[in-house]
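For the record, the sequence lines run as chains A and B. For the record, in the first sequence the residue sitting at position 181 is 198 according to the numbering used here, with numbers rising by one throughout. For the record, in the second sequence the residue sitting at position 133 is 1198 according to the numbering used here, with numbers rising by one throughout.
Don't take each hint at face value.
DSSO-like, lysine-lysine: derived pairs with alpha carbons at most 27 Å apart [said to hold, decoys possible]:
1. B:Lys-1146 <-> A:Lys-98
2. B:Lys-1090 <-> A:Lys-134
3. B:Lys-1169 <-> B:Lys-1148
4. B:Lys-1106 <-> A:Lys-150
5. B:Lys-1146 <-> B:Lys-1083
Here are the in silico distance ranges between beta carbons for each label pair [what the hints assert, rightly or not]:
6. A:Asn-29 <-> B:Tyr-1111: 47 to 57 Å
7. B:Tyr-1111 <-> A:Ser-122: 33 to 43 Å
8. A:Phe-51 <-> B:Pro-1105: 18 to 28 Å
9. A:Gln-170 <-> B:Asp-1177: 50 to 60 Å
10. A:Ile-196 <-> B:Gly-1084: 13 to 23 Å
11. A:Asn-113 <-> B:Arg-1072: 17 to 27 Å
Everything labelled a hint here was simulated from the structure, so no lab data went into it. These numbers come from a predicted model, not from an experiment. For each residue, glycine too, the CB sits at the ideal point set by N, CA and C.
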Amino acid sequence: MNKQTYFKKFKNIKYPISRRGLLISFMFYSFFHFSRKLYANGEIGGPFRDRFQSFRQTFRVEPNPEEAKRIINNIIKGRDKRNNLILLNAPDIAENGNVVPINFSVNCSMNGNDYPKVVHILVLDNPFPEIAKFFFSNQSGSADLAIRIRMRQSSEVVAIAEMADGTVGEDRFFVDVTIGACS
Amino acid sequence: MARKNYRRRLKAPLTAKKGEVITIKTMAEHTMEPGVRRDPKTGLIYPRFIIDSVIVRYNGKQIFRSRWYSGVSENPYMSFKIKVEESGLLEIEWIDDYKQSTFKRSVINVLDNNGNEIFPIRLSEPSQSENLQ
């Protein structure tokens, strides 16, 4: 085969992706790859990307109470805690860690700016400390709520209320668990 | 077996007074797999399968929302409160980890002090009737 005819072959080939498109897609991929590491380290984004909560867990993880403290610091962000804002109720001794009934109530009139925007519930010694977030509005008559949670070992349950004004309240309750759940 | 994870329950009062705060009890029959449990015989890990979020709407307007993670117990029960000013349709939506949504609805009749029902749309108001003519 002649040299010129050999190179003509490549000119006629039509690639499915152009060179420009390939470069742009590589740029996007590198951005996502880089940003995912930042999410994991907690440098950008909310505290709820910690420990890869958004991905499917396919391995057993040991609890890390230091990371739970970091998540709480990310929520409060150095604001002063208001006294008697939120009241958390839980049993002192829970025989079954799979079903622990808890309930909370927030002291506020639900008018104007005086309502809780978000209420977080965390268990410090669980491998995945965040349990639930509740987003209230003016139309929900009072911020009373009851739910059942899982606990692996006896630890503190924390409820944090973020009001619409920007103020923060916190309440803690220690629960003894005899048989832990596997969460 | 698959049918079991999509059964939902909702308990709400049929009638209420104007401006009353009513409690609503919900329960979803669901095996909230945390993604950590193993099969004892084969040793395989069951993948995570949980209810992600619950959205509450009254007359089409979103009034309450909650986001759940793997720490919520199986067959999750939740009771909360809402304030009603006029009768309407209450609907609750549970969304799965795989973005499959299930609904449960109920109608609440809100009564006046005289015993008359307060409708969300009032055709008897003079401003609306003038516009129609």
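Do the Cβ positions of Tyr-1111 (chain B) and Ser-122 (chain A) conform to the proposed distance bound of 33 to 43 Å?
For Ser-122 (chain A) against Tyr-1111 (chain B), whose Cβ atoms are near 36 Å apart, the range 33 to 43 Å holds.
Holds or violated: Lys-1146 (chain B) with Lys-98 (chain A), Cα cutoff 27 Å?
25 Å, holds
Between the beta carbons of Ile-196 (chain A) and Gly-1084 (chain B), is the distance compatible with 13 to 23 Å?
45 Å, violated
Would you say the C-beta atoms of Phe-51 (chain A) and Pro-1105 (chain B) sit inside 18 to 28 Å of each other?
41 Å, violated
Quickly compare the C-alpha distance for Lys-1169 (chain B) and Lys-1148 (chain B) to 27 Å and report which way the hint goes.
19 Å, holds
Compare the distance between the alpha carbons of Lys-1090 (chain B) and Lys-134 (chain A) with 27 Å, and conclude whether the hinted pair is satisfied.
Measuring from Cα to Cα gives roughly 21 Å; hence the hint holds.
Mind checking the hinted window 17 to 27 Å against the Cβ distance between Asn-113 (chain A) and Arg-1072 (chain B)?
With a Cβ separation near 22 Å, Asn-113 (chain A) and Arg-1072 (chain B) satisfy 17 to 27 Å, so the hint holds.
Could you grab the alpha-carbon distance between Lys-1106 (chain B) and Lys-150 (chain A) and see if it respects the 27 Å cut-off?
Violated, at roughly 36 Å.
That 47 to 57 Å hint for Asn-29 (chain A) and Tyr-1111 (chain B) (C-beta), does it hold up?
This hint holds: roughly 53 Å between Cβ atoms.
Do the beta carbons of Gln-170 (chain A) and Asp-1177 (chain B) sit within 50 to 60 Å of each other?
Since the Cβ atoms of Gln-170 (chain A) and Asp-1177 (chain B) sit about 53 Å apart, the hinted range of 50 to 60 Å holds.
Pair hint Lys-1146 (chain B) and Lys-1083 (chain B), alpha-carbon separation not exceeding 27 Å:
Answer holds: Lys-1146 (chain B) to Lys-1083 (chain B) is near 15 Å, not above 27 Å.
In the structure shown, a violation is registered for the earlier hints numbered 4, 8, 10, in ascending order.
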